Amino acid sequence: MALTSLRPCGDYRTSYKADQTIFQTRLTLVFVILAIAALCCTPLFASRYVLSLMIQIGYLGIAALGLNILVGFSGQISIGHAVFFGFGGFASAFLADKGVPVPLAIVLAGLWTTVVGLIFGLPAARVKGLYLAIATLAAQFILQDFFVRAEWFTGGTHGAIAAPFTLFGYDLSGDARYFYVVLFFVVVGYIGATNLMRSRDGRALIAVRDHYLSAEMMGVNLTKYRTMAFGISSFYAGIGGALYAHYVGFMSVEGLDILFSIQFLGMIIIGGLGSIMGSLMGTVFMVLLPEATGWLASALQGSAIDQALHLKDGITYMREMLIGLTIILFLIFEPDGLAHRWRLIKAYWKLYPFSY
Numbered sequence: 003m004a005l006t007s008l009r010p011c012g013d014y015r016t017s018y019k020a021d022q023t024i025f026q027t028r029l030t031l032v033f034v035i036l037a038i039a040a041l042c043c044t045p046l047f048a049s050r051y052v053l054s055l056m057i058q059i060g061y062l063g064i065a066a067l068g069l070n071i072l073v074g075f076s077g078q079i080s081i082g083h084a085v086f087f088g089f090g091g092f093a094s095a096f097l098a099d100k101g102v103p104v105p106l107a108i109v110l111a112g113l114w115t116t117v118v119g120l121i122f123g124l125p126a127a128r129v130k131g132l133y134l135a136i137a138t139l140a141a142q143f144i145l146q147d148f149f150v151r152a153e154w155f156t157g158g159t160h161g162a163i164a165a166p167f168t169l170f171g172y173d174l175s176g177d178a179r180y181f182y183v184v185l186f187f188v189v190v191g192y193i194g195a196t197n198l199m200r201s202r203d204g205r206a207l208i209a210v211r212d213h214y215l216s217a218e219m220m221g222v223n224l225t226k227y228r229t230m231a232f233g234i235s236s237f238y239a240g241i242g243g244a245l246y247a248h249y250v251g252f253m254s255v256e257g258l259d260i261l262f263s264i265q266f267l268g269m270i271i272i273g274g275l276g277s278i279m280g281s282l283m284g285t286v287f288m289v290l291l292p293e294a295t296g297w298l299a300s301a302l303q304g305s306a307i308d309q310a311l312h313l314k315d316g317i318t319y320m321r322e323m324l325i326g327l328t329i330i331l332f333l334i335f336e337p338d339g340l341a342h343r344w345r346l347i348k349a350y351w352k353l354y355p356f357s358y
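Note that my numbering has the sequence shown beginning at 3, numbered continuously upward.
By construction, these hints were calculated from the structure, which means they are not laboratory data. A portion of the hints provided could be inaccurate.
As a list, the in silico DSSO-like pairs of lysine-lysine whose alpha-carbon atoms are at most 27 Å apart [as the list claims (entries may be wrong)]:
1) Lys348 / Lys19
2) Lys19 / Lys130
3) Lys352 / Lys19
Source: prediction; values computed, not measured.
The task is simple: from the sequences and hints, build the whole structure.
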């Protein structure tokens, strides 16, 4: 897990408050504030293509964070995260169609998805490992079938129209304006998850992950926290799905397949299991990987490699192959993910030339 803290000798923490602070140094706090300020200025000079990618990173990063809380912090598994993402999108579109303001509909969609996640998370209190993976796989297919049949809720195979995002009568549906909406939810969601991990409940989730028998002997209620992890994970997935629905303006069952769920797993594996920052880093990597693949195929167009591999015709399959290959390579060579590598780089520059 990407929780290892690399501290130099003489770095003494004399209180729990100092040990559990979000920002280890004042410089880190200043850097985060400057980064958010720079992001706020991005729509002033970035193209619609860049903004679209950043918005995609935003709502997928929120959903990936929820899965990381479940898998990375509580030590459970879910192969059906995509359907919870989709349920949030359908729920928000449904509520907005009934006259609920879109900002409120997004939050309520997250809560509805939490309830669904708690229902499917009940087996987590009894099973674990491969059995839990099969249970979440069942949730994937059950909810997919529900989306197709529940025309009153999802529009069936035709999908559902999602109203544009409006706030106090102002239309915020364009890329430049909706970027700020997604940025707000990303900042709030990641700060909330960071504070959760600093709380008693967060430490209990980590204890359940590390050694559930020891945690139970210390008084941790395994049933409560395992089920709670599913609820929190589903809430984040629902928020991400709702943001996606109102950005695209349409929600369909197409694309909510098991491959999408595996892509979410790839995000947190590549970014780093048990790392808040790693969830976002893995999402950035997974979103930009297909784009980089397309750029590479365009650059090699007409070359001998293109003629041998038929890159233009097989670009879709090549993207899927690269996603699987990337996950395998990270599991072999960088099992702690990008977040751990980033910590090592920071520690190197901070400690060099000393090794202690």
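Quick rundown of the hints versus the structure:
no. : hint           : result
1   : Lys348 / Lys19 : holds (23 Å)
2   : Lys19 / Lys130 : violated (34 Å)
3   : Lys352 / Lys19 : holds (23 Å)
Hint check: a violation occurs at hint 2 only; the rest are consistent with the structure.
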